[in-house]
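Chemist: What follows is the residue order along each chain.
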Amino acid sequence: MIEGAAWRKWVFFYIPLALFVFILLFPFYWMAITAFRPDGELYRPWNAANYQPFWTRNPTLDHIKYLFEETLFSNWLFNTMLIAVCSTAISLTCGVLAGYALARLNFPFAGSLGTGIFVTYLVPQTLLFIPLSDIIRNFHLGDTPWSLILTYPTFLIPFCTWLMMGYFKAIPKELEECARIDGASRLKAMIYIIIPVAVPGILSAGIFAFTLSWNEFIYALVFLSSPAQKTVPVGVTSELIRGDVFFWGPLMAGALLGSIPVAIVYSFFVEHYVAGLTGSVKG
Amino acid sequence: MAQVTIRQVNKKYDEVHAVKDVNLEIHDKEFMVLVGPSGCGKTTTLRMVAGLESITSGDILIGDTVVNNLPPMDRDIAMVFQNYALYPHMTVADNMAFGLKMRKFERSEIEQRVRNAADILGIGTLLKRRPRQLSGGQRQRVALGRAIVRHPQVFLFDEPLSNLDAKLRVQMRVELKKLHERLGTTAIYVTHDQVEAMTLGDRVVVMKDGWVQQVGEPLQLYNSPANRFVAGFIGSPAMNFATVTVQARNGALWTQSAGLDIKVPERLGTSMGSYAGRQVTLGIRPEDVHVAGAGDPPGTTFDGDVEVVEQLGPEILLDMKVGSEMMVASVEPTHKVKVHDRIRLALDPARLHYFDNETEKAI
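Taken in sequence, the protein lines are chains V and E. If you read the first sequence in the numbering used here, its first letter stands for residue 1, the second for the next number, and so on. If you read the second sequence in the numbering used here, its first letter stands for residue 1, the second for the next number, and so on.
If you are wondering where the hints come from, they were derived from the structure by calculation, not from laboratory data. Some clues are possibly wrong.
[Unchecked claim] Under the rule of at most 20 Å between Cα atoms (straight-line distance), these lysine to any residue pairs were calculated in the SDA-like manner:
#	chain 1	residue 1	chain 2	residue 2
1	E	Lys12	V	Leu105
2	V	Lys188	E	Thr65
3	E	Lys104	V	Leu105
4	E	Lys101	V	Phe107
5	E	Lys104	E	Asp76
6	V	Lys173	E	Met102
7	E	Lys12	V	Ile195
8	V	Lys188	E	Lys12
9	V	Lys169	E	Met102
10	V	Lys173	E	Lys104
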């Protein structure tokens, strides 16, 4: 905290903070207000007499209705949810097990394997989608949810593994040793002691993985082609921008509805999530 | 209840030879303390007994069973760790019950044992709490409770009192001693604190650089240390050492340095004879030095310049310069001594030690 006179707090703390919050939240506000604004107001020129960019007197649900009635938005929501949940579950399972092994089992080359896994995370998706699309075609998985459920873990598993490895390393190894002396096998010690203690870390990895797969764009754009199979980010941008015409109302409504599930997931676990990131295990 | 036998055990990590040819016989119901400076191999030895480290060569037996390749869970031991290692997501009662649950004990039996252990340790009111809500001393008790509910053959303690504050450490030390008398379970206790080692151990093992230096009862280590390291490690304040030259004079052996001219006691005459003309190390504990009086025979006295006076109450510690060496003497609090005084001191010849300068072994 900043010590000293009240004006110093305002100048160095509250005003910068307020600016920061404003800049961060304004796009969301813009998205929300656009989603509820009638078309007539949306396309009104800026020099019109009743131009009100930041507020509307006639909120409407037309855009949301349009989304659900005229487009496959509910399909996209379902697809995104299914794909995000499945790929998160796969990645979390693998990540927890691999992270544990890298942190605790002293096998040869554990260190270089850990680095190797991290390097795979650094390969940009914009390069990786080219060979991956070949694989997807060979396995005839194109245009199915499987194409994404199986490819998202390529970047989610390294991510989860690294996050969990760091977390497991922070747990005192005596906890596990004590459990093993107490009569637990390595597996039981992991299930009864280490994993419960690591729940904050697992939750943060899960939330991250879920968000990453929810928002993923390139793979979804490349591997899915029919409108009914698309995910929210791809569906909204490909179906609601026709040529050079932007359907701003439905676009923003889609973005708003698409971000709600992530917001809900975050708010549920936010406390654990913060604890997981700061990596605190208190005995 | 069982004895533990450690036979010719070695532990090598990639580059470090941590434990070298250790042979120990820990009797049934004995409280054995392993003591030494950090990195001496004491904790590694304990962890090999626990099964947490593999053995490079040699055998470890608990009772009559060779346990070299048994996993920790099958060795019927319990261990108390320095950081307590309480399971943070479980209550005190669940912490203590965990080992019994893993071994599929009946629920009523588990409850009764947890209750019993809690009563012994005075933590009956804490059973519903979680470790983070406990103080250091309470956590230590829970960790002890978790060990004793299992009724194991051997207790292993890895510096269990190091994280407690000084006052609590003394108190828990007494309780540990009582607990051991009450339960009579064989115990191996690792510490770097020689006071803990002396007060708790039936026998004490002093280790350094992976080697066992000496095994014996506490007073045996104090009275007849096997080498210079044990002599300096056991006892507080530490033993004084001075490099002296052995000389034969008037039919007796004398040891001399710039400020000392001490007659070698007759009990050491034969063994010291071969050192005539060579340098050895003289060792005398501060408590075996007193202010010289008329009764002190020649060959036991020397002069020192007082540099620091430490008033401890029951005794005074004098840091003195004797010749070119620093020595500490513990004298009666009735003496009025000031800094820069030159005083005459006498040592107790019966408690004089000599060490070979090359092997550092006691002569």
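Chemist: If a hint holds in the structure, say so; if it does not, say that too.
Modeler: Hints, one by one, checked against the model:
Of the pairs offered as hints, the one joining Lys12/E and Leu105/V holds, with about 18 Å between alpha carbons and a cut-off of 20 Å not exceeded. Straight-line distance between C-alpha atoms of Lys188/V and Thr65/E comes to about 25 Å, which puts the hinted pair past the 20 Å bound. Using a Cα cut-off of 20 Å, the hinted pair Lys104/E and Leu105/V is violated, with the two alpha carbons roughly 27 Å apart. For the suggested pair Lys101/E and Phe107/V, the alpha carbons sit about 30 Å apart, so the restraint of at most 20 Å is broken.
Between Lys104/E and Asp76/E the CA atoms are separated by roughly 14 Å; this keeps the pair inside 20 Å, and the hint holds. Annotation: proposed proximity of Lys173/V to Met102/E holds, straight-line Cα distance about 19 Å (limit 20 Å). For the hint pairing Lys12/E with Ile195/V, the CA-to-CA distance comes to about 32 Å; that exceeds 20 Å, so the pair is violated. A C-alpha spacing of about 29 Å is found between Lys188/V and Lys12/E, which places the hinted pair above 20 Å, so the restraint is violated.
With a C-alpha separation of about 25 Å, the suggested pairing of Lys169/V with Met102/E is violated against the 20 Å cut-off. The hinted pair formed by Lys173/V and Lys104/E fails the criterion: a straight-line CA distance of about 24 Å is larger than 20 Å.
In summary, the numbered hints that this structure violates are 2, 3, 4, 7, 8, 9 and 10.
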